[in-house]
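Peer 1: The lines below spell out each chain.
2 protein chains.
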Amino acid sequence: MNKQVILTSRPEGIPQAANFAIVESPMPMVDAGHLLVRNLYLSVEPAMRGWVNAAANYADPVPLGAVMRSFATGRVTESRHPRFKPGDFVTGLFGWQEYAVVSADSVIRTITDRDVPLSTSLGVLGLTGLTAYVGLLEIGRPRPGDTVVVSTAAGSVGSIVGQIAKMNGCRTVGIAGGAAKVALCVDEFRFDAAVDYKSGDFDDRLTAACPAGVDVYFDNTAGAISDSVIRRLNIGARVVICGTVSVATWDPPPLGPRIERTLLTKRASMQGFLATDYEHKRPEALRFLSRCIREGSLRYREDILEGLLEAPGAIALLYRGDNNGKLLVRLRETEI
Amino acid sequence: MNKQVILTSRPEGIPQAANFAIVESPMPMVDAGHLLVRNLYLSVEPAMRGWVNAAANYADPVPLGAVMRSFATGRVTESRHPRFKPGDFVTGLFGWQEYAVVSADSVIRTITDRDVPLSTSLGVLGLTGLTAYVGLLEIGRPRPGDTVVVSTAAGSVGSIVGQIAKMNGCRTVGIAGGAAKVALCVDEFRFDAAVDYKSGDFDDRLTAACPAGVDVYFDNTAGAISDSVIRRLNIGARVVICGTVSVATWDPPPLGPRIERTLLTKRASMQGFLATDYEHKRPEALRFLSRCIREGSLRYREDILEGLLEAPGAIALLYRGDNNGKLLVRLRETEI
Numbered sequence: 276m277n278k279q280v281i282l283t284s285r286p287e288g289i290p291q292a293a294n295f296a297i298v299e300s301p302m303p304m305v306d307a308g309h310l311l312v313r314n315l316y317l318s319v320e321p322a323m324r325g326w327v328n329a330a331a332n333y334a335d336p337v338p339l340g341a342v343m344r345s346f347a348t349g350r351v352t353e354s355r356h357p358r359f360k361p362g363d364f365v366t367g368l369f370g371w372q373e374y375a376v377v378s379a380d381s382v383i384r385t386i387t388d389r390d391v392p393l394s395t396s397l398g399v400l401g402l403t404g405l406t407a408y409v410g411l412l413e414i415g416r417p418r419p420g421d422t423v424v425v426s427t428a429a430g431s432v433g434s435i436v437g438q439i440a441k442m443n444g445c446r447t448v449g450i451a452g453g454a455a456k457v458a459l460c461v462d463e464f465r466f467d468a469a470v471d472y473k474s475g476d477f478d479d480r481l482t483a484a485c486p487a488g489v490d491v492y493f494d495n496t497a498g499a500i501s502d503s504v505i506r507r508l509n510i511g512a513r514v515v516i517c518g519t520v521s522v523a524t525w526d527p528p529p530l531g532p533r534i535e536r537t538l539l540t541k542r543a544s545m546q547g548f549l550a551t552d553y554e555h556k557r558p559e560a561l562r563f564l565s566r567c568i569r570e571g572s573l574r575y576r577e578d579i580l581e582g583l584l585e586a587p588g589a590i591a592l593l594y595r596g597d598n599n600g601k602l603l604v605r606l607r608e609t610e611i
Numbered sequence: 276m277n278k279q280v281i282l283t284s285r286p287e288g289i290p291q292a293a294n295f296a297i298v299e300s301p302m303p304m305v306d307a308g309h310l311l312v313r314n315l316y317l318s319v320e321p322a323m324r325g326w327v328n329a330a331a332n333y334a335d336p337v338p339l340g341a342v343m344r345s346f347a348t349g350r351v352t353e354s355r356h357p358r359f360k361p362g363d364f365v366t367g368l369f370g371w372q373e374y375a376v377v378s379a380d381s382v383i384r385t386i387t388d389r390d391v392p393l394s395t396s397l398g399v400l401g402l403t404g405l406t407a408y409v410g411l412l413e414i415g416r417p418r419p420g421d422t423v424v425v426s427t428a429a430g431s432v433g434s435i436v437g438q439i440a441k442m443n444g445c446r447t448v449g450i451a452g453g454a455a456k457v458a459l460c461v462d463e464f465r466f467d468a469a470v471d472y473k474s475g476d477f478d479d480r481l482t483a484a485c486p487a488g489v490d491v492y493f494d495n496t497a498g499a500i501s502d503s504v505i506r507r508l509n510i511g512a513r514v515v516i517c518g519t520v521s522v523a524t525w526d527p528p529p530l531g532p533r534i535e536r537t538l539l540t541k542r543a544s545m546q547g548f549l550a551t552d553y554e555h556k557r558p559e560a561l562r563f564l565s566r567c568i569r570e571g572s573l574r575y576r577e578d579i580l581e582g583l584l585e586a587p588g589a590i591a592l593l594y595r596g597d598n599n600g601k602l603l604v605r606l607r608e609t610e611i
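Heads up: the sequence lines are chains A and B, in that order.
According to the numbering used here, the residues represented by the first sequence are 276 to 611, in order.
According to the numbering used here, the residues represented by the second sequence are 276 to 611, in order.
These are computed hints drawn from the structure, not numbers from a lab.
Errors might be hidden in some of the hints.
If you want the footprint, here are the derived chain A segments under chain B, 3+ residues with CB under 8 Å [as the list claims (entries may be wrong)]:
#, segment
1, 388 to 397
2, 488 to 500
3, 516 to 530
From the three backbone atoms N, C-alpha and C, an ideal C-beta is built for every residue, glycine too.
Isolated chain A (complex conformation):
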């Protein structure tokens, strides 16, 4: 039997455990051109909120009654495609389930670099790393000496953005919630400064941390945190919209200060992006990021939940900000 996490109702706001059920179903048949994959790690990410909304936004909604969409990494147990053989490690959109039958086309890559942990294929060497790499370098376009501010800076994407910006000669300022995460930004991820958005004098602290204003803002939060950063933009600044994690519901959109005048007087830009539009950059990003990991010049954290039962509540956990680093679900004890 196969165990699967099924979407049973549409959430209002952040998806909760109650929006899902775990069901057992017969092991699926493997059609020609397909593979059977035993999932070993499941990814949990902010984008999942969008995937379960009835309104299509950047992806078709996951249908009610269907397996929850998810990136996953697993091992091929049966192959009916010549490019794959049993034992291969593969990563792709395999869903929150123990076993997945997938077409060869849906495999993002076969993982051959086994000198780094398999779990990195969903984090720093997966969509998380690609997101940080293309968002910062393609949209943010940092120049040496720029001040780069990152929100959710202790998170999986933000921590990588800060480190790549630092490698590019920028002053890096992280925004995170609480003293522990602020310390993590500076001590572990080597931000030049970090500011606690939960502190009463956040605005003053942000000013002190950005004495030369802000040239690039890599935004994972939206909302009031962003308002403070946007007031400090320099002429020609670039705002990269990567996520909106601080805003619980967008239907209707909450109100905030209009930004047109700031964008005009500062000749600034604000641009949203999805890493999945940059598949053509994945090989370059992967080469760069895996070299950094092997050299020890890039640090990352993972937060691993044990077992499929943890998956349904994991999105809410992520949005509460209780995790440190890339949030994953491991499907069994494994030495892999």
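Put chain B on the given structure of chain A with help from the hints.
Peer 2: Leaving out everything else, chain B in the frame of chain A:
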């Protein structure tokens, strides 16, 4: 004696006639390397609101007691610089005054194309045309088949944007206030459709005018008009922030629906610009626009006030939207 318009107080919101005074002063001396220019046309433009604010935004504020900053076109009456001779027509930041002593460096160009009206040097062949040209082509980057929406579409910049977009194979939709301006958009400036933002069913009309959504939004207004357009952005859309004429005061910024989620899910961009950052594009824009005028393929309107006494109230007139086309002040009856 020289007559000058002096800034006497800082406006709250839109500058009014009462913020200025007209004074007489002795004719200025012409130092070495300088010219004496008799102004013939003075420009009136939305950016003047920013120039008189105490808070520096994109230009240093005009000091209290100083001549109001303005683009102007005039005739050299005395030259102490070898590049100019009496009788030359020149355009530059000469201020709201009858006579100006200016350095040679401050002349934007000598006007040699006398087969088009001299007034065009401040409009379609001045900063107005450059604004439309670089804002649309450099920031908006229209592709054939795109739907391009323009606010204040019957205005001096908007009407040129619409026509250039049309030449680039786009569907053009103008937004303007009132039936007369809407008719002007379609009949005179050849927009494919035009929508009255003052109509009760503006939102529905905009939807009907943009059946394939919006790919480029050239925004001169900000505010509620923009909110309606932004809800209709397509994936990869570009929003060009050129002006914020619908919002009377930005201190503090008014509230509006947050746009981060739209920019993210649509992978859209929003960018402010000032044409003065694109001086390097001026020769190209001038070649293109003057060729269009000679061919008769580009239509423009001018609204000319007579005499320096009209200047102080002209900014408020512009913001009321009472003018049609580029607003100018003519300083004397002239056959030029």
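Peer 1: Each hint needs a verdict: does it hold in this structure or not?
Peer 2: Hint-by-hint comparison with the structure:
Closer than 8 Å: that is the beta-carbon criterion, and the segment 388 to 397 of chain A has 0 residues meeting it against chain B, so the requirement of 3 is violated. For the segment 488 to 500 of chain A, the assignment as covered by chain B holds, since 3 residues bring a beta-carbon within under 8 Å of that chain's beta-carbons and 3 suffice. A stretch counts as covered by a chain when three or more of its residues have a beta carbon under 8 Å from one of that chain; for the segment 516 to 530 of chain A and chain B the count is 10, and the coverage holds.
In terms of the numbered hints stated before, the structure departs from hint 1 and from no other.
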